[in-house]
Each structure stands twice: as C-alpha cells, then as structure tokens.
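Model the full structure from these sequences, guided by the hints.
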Amino acid sequence: MEFIKEFTNFLMQRKKFWLLPIIVILLLFGILLIVTQNSVVAPFIYTLF
Amino acid sequence: MLLLGISAYYHDSACALIMDGEIIAAAQEERFTRIKHDPRFPHYALEYCLSTAGVSLAELDHIVFYDKPFLKFERLLETYIAFAPKGFKSFSTSMLLWLKDKLFLKNSLQNELSLHGDRDDLAKILLFSEHHMSHAASAYYPSPYDEAAILTMDGVGEWATTSIAIGRGREIEILKELNFPHSLGLLYSAFTYYTGFKVNSGEYKLMGLAPYGVPRYAQAIMENLVDVKEDGSFRLNMDFFGFCTGLTMTDERFAALFGGPARTGEELLTSRHMDLAASVQSVTEEIILRITRSIATETGLKNLCLAGGVALNCVANGRVLREGSFKNIWIQPAAGDAGGALGAALAAYHLNFGNERKPADGRDRMKGAYLGPSYSQPEIEERLRALGALFDTVDDEQLLQRCVDDLAAGKAVGFFQERMEYGPRALGARSILADPRRAEMRSQLNLKVKFRESFRPFAPAVLSEDAGNWFDLPVDSPYMLLCAEVIEGKRRTMIQNEENLFGIDKLNAVRSEIPAVTHVDYSARVQTVHRETNPRFHALISLFKEKTGCPVLVNTSFNVRGEPIVCTPEDAFRCFMGTDIESLAIGNCYLEKSRQNPSLRRDYRHAFELD
Numbered sequence: 001m002e003f004i005k006e007f008t009n010f011l012m013q014r015k016k017f018w019l020l021p022i023i024v025i026l027l028l029f030g031i032l033l034i035v036t037q038n039s040v041v042a043p044f045i046y047t048l049f
Numbered sequence: 001m002l003l004l005g006i007s008a009y010y011h012d013s014a015c016a017l018i019m020d021g022e023i024i025a026a027a028q029e030e031r032f033t034r035i036k037h038d039p040r041f042p043h044y045a046l047e048y049c050l051s052t053a054g055v056s057l058a059e060l061d062h063i064v065f066y067d068k069p070f071l072k073f074e075r076l077l078e079t080y081i082a083f084a085p086k087g088f089k090s091f092s093t094s095m096l097l098w099l100k101d102k103l104f105l106k107n108s109l110q111n112e113l114s115l116h117g118d119r120d121d122l123a124k125i126l127l128f129s130e131h132h133m134s135h136a137a138s139a140y141y142p143s144p145y146d147e148a149a150i151l152t153m154d155g156v157g158e159w160a161t162t163s164i165a166i167g168r169g170r171e172i173e174i175l176k177e178l179n180f181p182h183s184l185g186l187l188y189s190a191f192t193y194y195t196g197f198k199v200n201s202g203e204y205k206l207m208g209l210a211p212y213g214v215p216r217y218a219q220a221i222m223e224n225l226v227d228v229k230e231d232g233s234f235r236l237n238m239d240f241f242g243f244c245t246g247l248t249m250t251d252e253r254f255a256a257l258f259g260g261p262a263r264t265g266e267e268l269l270t271s272r273h274m275d276l277a278a279s280v281q282s283v284t285e286e287i288i289l290r291i292t293r294s295i296a297t298e299t300g301l302k303n304l305c306l307a308g309g310v311a312l313n314c315v316a317n318g319r320v321l322r323e324g325s326f327k328n329i330w331i332q333p334a335a336g337d338a339g340g341a342l343g344a345a346l347a348a349y350h351l352n353f354g355n356e357r358k359p360a361d362g363r364d365r366m367k368g369a370y371l372g373p374s375y376s377q378p379e380i381e382e383r384l385r386a387l388g389a390l391f392d393t394v395d396d397e398q399l400l401q402r403c404v405d406d407l408a409a410g411k412a413v414g415f416f417q418e419r420m421e422y423g424p425r426a427l428g429a430r431s432i433l434a435d436p437r438r439a440e441m442r443s444q445l446n447l448k449v450k451f452r453e454s455f456r457p458f459a460p461a462v463l464s465e466d467a468g469n470w471f472d473l474p475v476d477s478p479y480m481l482l483c484a485e486v487i488e489g490k491r492r493t494m495i496q497n498e499e500n501l502f503g504i505d506k507l508n509a510v511r512s513e514i515p516a517v518t519h520v521d522y523s524a525r526v527q528t529v530h531r532e533t534n535p536r537f538h539a540l541i542s543l544f545k546e547k548t549g550c551p552v553l554v555n556t557s558f559n560v561r562g563e564p565i566v567c568t569p570e571d572a573f574r575c576f577m578g579t580d581i582e583s584l585a586i587g588n589c590y591l592e593k594s595r596q597n598p599s600l601r602r603d604y605r606h607a608f609e610l611d
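As given, the protein sequences belong to chains H and R, one line each in that order. Mind the numbering: the first sequence is residues 1 to 49 in the numbering used here, read in order. Mind the numbering: the second sequence is residues 1 to 611 in the numbering used here, read in order.
Errors might be hidden in some of the hints.
[Said to hold, decoys possible] Capping the alpha-carbon separation at 16 Å, the derived lysine to aspartate or glutamate pairs in EDC-like fashion look like this:
#1 Lys102(R) <-> Glu6(H)
#2 Lys68(R) <-> Glu6(H)
#3 Lys545(R) <-> Asp466(R)
#4 Lys545(R) <-> Glu2(H)
[Stated by the list, open to error] Covered by chain R, according to a simulated footprint, are these stretches of chain H (three or more residues, beta-carbon under 8 Å):
#5 5-11
#6 18-27
If you are wondering where the hints come from, they were derived from the structure by calculation, not from laboratory data. Even for Gly, the Cβ is constructed at its ideal location relative to N, Cα and C.
Written out as structure tokens, the structure is:
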C-alpha cells in the first residue's frame, strides 16, 4: 500500500500521468510473473499466452 | 545527529557514517566481500561503520540512499518509449529486474537493514537523495572551501549526466544539468567498450593507454558523435550508440566510422586502439575545459569542486588546473558511486535538516580519505600467527628503516598501515611501494606483482614539500587525482632513436630520473604525501629521501589485477604470498618472503576474474 501511495505522490509531483497506463500494465504483468513462479497455476497461465 | 549513507545495487556499493557533520567511517563493500565493484547491499561496510562509531542501528537518526529509484525508472521507461520498437530485448530484460526488485527498493532496503538490528520505523527514517546531488554534496561539503562552483559528471544517475552547482555555506544550488542520453561518462565508456575494456572499470586503462597514441580520430568524434557548444554543453548523436536500445555501448555505425569491430577480451592492442584512446581522451578534456571555463565566467568563483566518475580522469583534472579558469580545485577521492554514500548523508545533514557547515580552515574534511578499517598491533600479530606467517615485531624506526633498505635494494614492499582508504586509490595505507628510479621497476611490478597489462603506468607518491621540485604541480594532490608533468630539470634528454619509438615501444625509453613513474608523455598521477594526514607514510618517504636523495616512491594499490584492494591482514598476507612482493610491513610487523613457509605460497595469478 505504501508503495502505491509513494508512487502516486511521485507521479503527481513529476506530472507524468501519461506514464500511468504503461506502469499499471507493467505492474500487472509483473504481479502475474511473480504469482506464477513456482506455482501450481503456472501451466494454466502459460496456455493463455 | 547520526546519519548513514548507502550506495548500492548498481556498482561499487558503499556505506558512510557521519556524526554531527563529521565523517566517522566510510568503506566500499568490495573490500570485505573480495568481489571487485560489488553492487550488492553493503552489509559488511554497514557493520564496519556502526562498529567504528560504536553505535547500533537503533541509534541512527536517518539512513540516506544515494539516488531516487522512481526517477531512474521514469528515465528508463521514457527512453524505451522514445526508441520503441527498437530495444525490446533490453526493455524486457530490464523491466523484469525492475518489476521484481528495483522498483520496490525501499522495501528491499528495509529488509536488508532489519538484519542489522530491530527497528520498526525504518520506513520513516529512510531518505533518498538525488544521484547528482549526492555527488555534488560529496564534492563540496568535505572540501576546504566556504564557497565553490561544483561540477559533477558521470555516466548517468537518474536523468542528469552533468550538473553544475554552487556551494555556499551549507547550501548547494543546482544551476543547470545535462540529461541522459547526452553523457560524457557514457561517451568515454563507449570507447572503453570499443577498445575491449570493461565498462565501469576499464576507463582508467583507456586513460593510461591514451599517451601512447595520437588523437587522429578526435575530429571524427567531434564531427560525428558529439556536438559540443562553446560553453561545453553537448549532445551525443545517438545513431552511433547502442546503450539506449541494446545491451552494448556502440553499434555497427560506430564500428564502421572507426574502421572495424570492437576489440574483444585480451586481443592484442594495436596503434589504432591507442589512437582511439588518445582521441576520446582529447575530446573529453576539451569538453571539460569548455564547461569549467564557462562556469568560471558565469559564477566568478575561484574554487571548483569535482565529483562523479568522470572526475577520476586525473589527466583532464590536471588540464583544468593548468589551463582552466579556477585558482583552486578539489576532487572528492571517492568520486565514483561509492562516494555517493557519503554525499547522500552530507546532503541530508546540511540541506534536509538545515545544519550549518563549519567554516573552512584551509584543510579538507576527508581525513586523508583514511576512513576504513584499521587493526591494533596485538590483533595483527594474532591474525598473522593464525595464518602461519613468520614475522618480526619491530619499533617504528626499525620498521621504516627495513622498508627503506628493501626499497633502495629494488624490492617491492607491501605497506599496510592503519585505516584503509575510501575510494579507488591506495594512498599509503594499503599500498605496494617500490623505488621509482629503477627503469625496470614498471615492467617488474606490472608482470610479476600486479599481473596486469604491461602498458599500465604507475603513480608517484611524493613528499608534499618536495612536490614542486619534481613535478609541475602548484597545488596539493593528496588523493592522486591530478596529473602533472615531471619538471624539465628531472627529465633525461632523449636520443634520436628513443624519440622515434612508437606505441608500446615508447615504454623502453628512460625519460627522467624517476622512470618507473614517468609516463610516455612525461606525465605522472601524483600523490602528495602530508605529515598531517599520514605521518608514517611521510616518515617512510623522508627516510628514503635521506638515503637516496629521492623524495618519491612508486605507490600502487595493494592488490592484483581484478582483486579489490586488500582490507584485512589476511588479505594482505595472501596477496604477499601469491605475488613477487618481497617484504611486507603490517602495522609494526615486518615480514620477508624468503623466511615464509614455501607451502603457504599460492597461485594468485588466476585467483580473480580479470577486470
């Protein structure tokens, strides 16, 4: 939570809102990668891509 | 107020601890882990800093990281977007790293710090300083000036690659910056890569290679690679570089412009490589000279402070001193990223918390850069005994006398005394010393002691009071960061055959009374040795002068190629037993190679990955 707060503050201060969609997509992919590492759901995720 | 500065995760991680603005301890992690340029979290350096100050993690007021990860991430993203779809491979590699780790740096730092003690407010006490502000603070606050212009130049931090600032009292005001990808450090690194040396470590080899060549490519660099304005501001032509989109520094167009592919590994160095080195060195000097002249004109200041990796280019620094417009210059000895740890802590102390800076008293506040670990005499003896070393414990006078006798007899002497140096240079605390009057000493040290390339020059350590009698150096150079020429009176007249020598063969000519430390262009990377900061080293050179008339010694770092400078007595003994160093002085212990058990000898030549 603290990370999201700090990153939002950073974007507000830098006024780089156009980066937000890219960052959100990247973070979602990142979370997916981390969740699926050594996980039983990994084979199902792989079939989606 | 106790502040800890940390630099980590890129290269040369380090820690520095300051107490009420005074520097108490600072060290690079590589010295403890024995991995050159170790980028990992500096656990050992941190423990060392805390124990030296006699404090625990809980007693620290704040911990300051030397750059801002979000800003760096912003730069990476914007750069990849600007060059898309080129660079997808590099993008995916680096994004994985960032999304898994680097973006959550604050969490990582908290996790690592929690290993050093219980503290539940780590998130609150962690601060982040901008990369170039850390460099600027490391250059200005410890300097001997109350007011100075500050120039920081490196590869890249977050966005900035070159910053110009003014330091007055406790304030630092950044006046202007040049941003990525237009970077003098990266231009130099591109040529480091192209001539077959390792980026981030081989730059000083390229600088050492430059005097063998002719700057015949300088015009091509100025016309094609970099557009330099009168005030020294510049833009790189990104058509020739690969660092924004690829995983290499240069691309095919760069290779085509300079007549062939990049040199690889240990491939033979040719005159072309020497000319390339001379060319990029000459362009670098030209840019730095223009920048410093324009800063002097704009600010009207007489003092200049330098930091950032480019400030380790002592040849350029020497030219700024001689040909620039500043009366005095001071260079942070840990000018690279390791020094960012110190700068981050100092920036927080003065800028964030508003603490006043003590007025200058003519001396800098780096304590000679002797900020690392030291060992008591009983501790040294105990450690050496445990290693099976045979040694004599002698008093100061005997120790110095034995060392001087060995030096005068042409032996290489390991000199390990008191606190280790902070920064990349050995300054007489972790040094290998030799007689500079011997012409054969350079190749002997390069090939048998340091196991490194034969073209590499060695630096002189000279008594500060005698420096002007040997080198064209009007100021002190305590940190070996200024190059100066050997004065005419100490040079030897060359015969025609010697004048005509070419490339590496230039090494064969004896150019001065101290040939082992006189480079092929008569330059030398001088360290002036001061009684106030290193009395024992000063006494040693004084005794050598008494015996030989020469107040100069060869001073090279106590390590072999690819090895971090030794830190502990054990490291020193291992290096001693693995090389042709003939005697060793650790504290008041004197060791001779011939007396040691031969079974303790080891193959040291292949012990470290080549740099």
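| task | Would you pick out the hints that fail for this structure and give their numbers low to high? | result | 4
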